[in-house]
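Q: Hey, can you work out the whole structure from these sequences and the hints?
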Amino acid sequence: MGYYVLDEIEKGDYKFSLDTFLGDPAANICCWVYYKGKPLNIEGTNDQVHKVFPQDHGSVNRSHLYNFINKFIKDEAYRNQYVVKGRTR
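For the sequence shown, the UniProt record's numbering begins at 1 and goes up steadily by one.
There's no promise every hint is true.
The calculated DSSO-like cross-link candidates involving lysine-lysine, where the alpha carbons are at most 30 Å apart (straight line), are [stated by the list, open to error]:
{"#": "1", "residue 1": "K36", "residue 2": "K15"}
{"#": "2", "residue 1": "K11", "residue 2": "K38"}
{"#": "3", "residue 1": "K71", "residue 2": "K51"}
{"#": "4", "residue 1": "K15", "residue 2": "K74"}
{"#": "5", "residue 1": "K74", "residue 2": "K36"}
{"#": "6", "residue 1": "K15", "residue 2": "K38"}
{"#": "7", "residue 1": "K36", "residue 2": "K51"}
{"#": "8", "residue 1": "K71", "residue 2": "K36"}
{"#": "9", "residue 1": "K85", "residue 2": "K38"}
{"#": "10", "residue 1": "K38", "residue 2": "K74"}
{"#": "11", "residue 1": "K85", "residue 2": "K36"}
{"#": "12", "residue 1": "K51", "residue 2": "K15"}
{"#": "13", "residue 1": "K51", "residue 2": "K85"}
{"#": "14", "residue 1": "K74", "residue 2": "K11"}
{"#": "15", "residue 1": "K74", "residue 2": "K51"}
{"#": "16", "residue 1": "K38", "residue 2": "K71"}
{"#": "17", "residue 1": "K71", "residue 2": "K85"}
{"#": "18", "residue 1": "K51", "residue 2": "K38"}
{"#": "19", "residue 1": "K11", "residue 2": "K85"}
{"#": "20", "residue 1": "K51", "residue 2": "K11"}
{"#": "21", "residue 1": "K74", "residue 2": "K85"}
{"#": "22", "residue 1": "K71", "residue 2": "K15"}
I should point out that these hints are in silico values taken from the structure, not numbers from a laboratory.
This structure is a prediction, so every number in the text was calculated from the model and none was measured.
A: In structure tokens, the structure reads:
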């Protein structure tokens with residue numbers, strides 16, 4: 001068992017990679033953030049910026065996912081909650 005990449009969404013300089021734990025259909029979806037092709041880390045750490053989305057009947061709510069992506073890109077204060085403070089949910 002391991003992780004499986006479900007999808008990658010690119011918007012400008014950002015890429016959002018969605019993965020889940022292979023073999024567990026109830027596993028949450030994790031959205032990892034990349035900037036200019038490199039993992040975007042939480043300031044002062046080696047931990048990559050990410051957000052966890054719960055699955056509902058085997059899939060993630062796409063509107064919540066796209067709302068996160070668009071807000072992350074457009075809203076610096078919101079983005080800083082993840083990059084500076086390490087928010088994951």
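Q: Please verify whether K38 and K74 have alpha carbons no more than 30 Å apart.
A: holds, 19 Å
Q: Assess, step by step, whether the Cα of K74 is no farther than 30 Å from the Cα of K85, and give holds or violated.
A: Status holds; Cα separation ~18 Å.
Q: Taken at face value, is the distance from the CA of K15 to the CA of K71 at most 30 Å?
A: The hint holds at about 14 Å.
Q: Between K74 and K36, does the CA-CA distance stay at or below 30 Å?
A: holds, 16 Å
Q: Would the pair K85 and K36 pass a check requiring their Cα atoms to be no farther apart than 30 Å?
A: Holds, at roughly 21 Å.
Q: Take a quick look at whether K74 and K51 sit within 30 Å of each other, Cα to Cα.
A: This hinted pair holds, its Cα atoms lying about 16 Å apart.
Q: Keeping to a limit of 30 Å between CA atoms, is the pair of K15 and K38 held or broken?
A: holds, 9 Å
Q: Take the C-alpha atoms of K71 and K51, compute the straight-line distance between them, and say whether it is at most 30 Å.
A: holds, 13 Å
Q: Would the pair K15 and K74 pass a check requiring their Cα atoms to be no farther apart than 30 Å?
A: holds, 14 Å
Q: Are the Cα positions of K38 and K71 separated by 30 Å at most?
A: holds, 20 Å
Q: Can the restraint linking K51 and K15 be considered satisfied, given a maximum Cα separation of 30 Å?
A: Given that 30 Å is the threshold and the Cα spacing comes to 13 Å, the pair holds.
Q: Holds or violated: are the alpha carbons of K11 and K85 at most 30 Å from each other?
A: Given pair K11, K85 holds - Cα atoms ~23 Å apart, limit 30 Å.
When the structure is compared with the earlier hints, no violation turns up for any of them.
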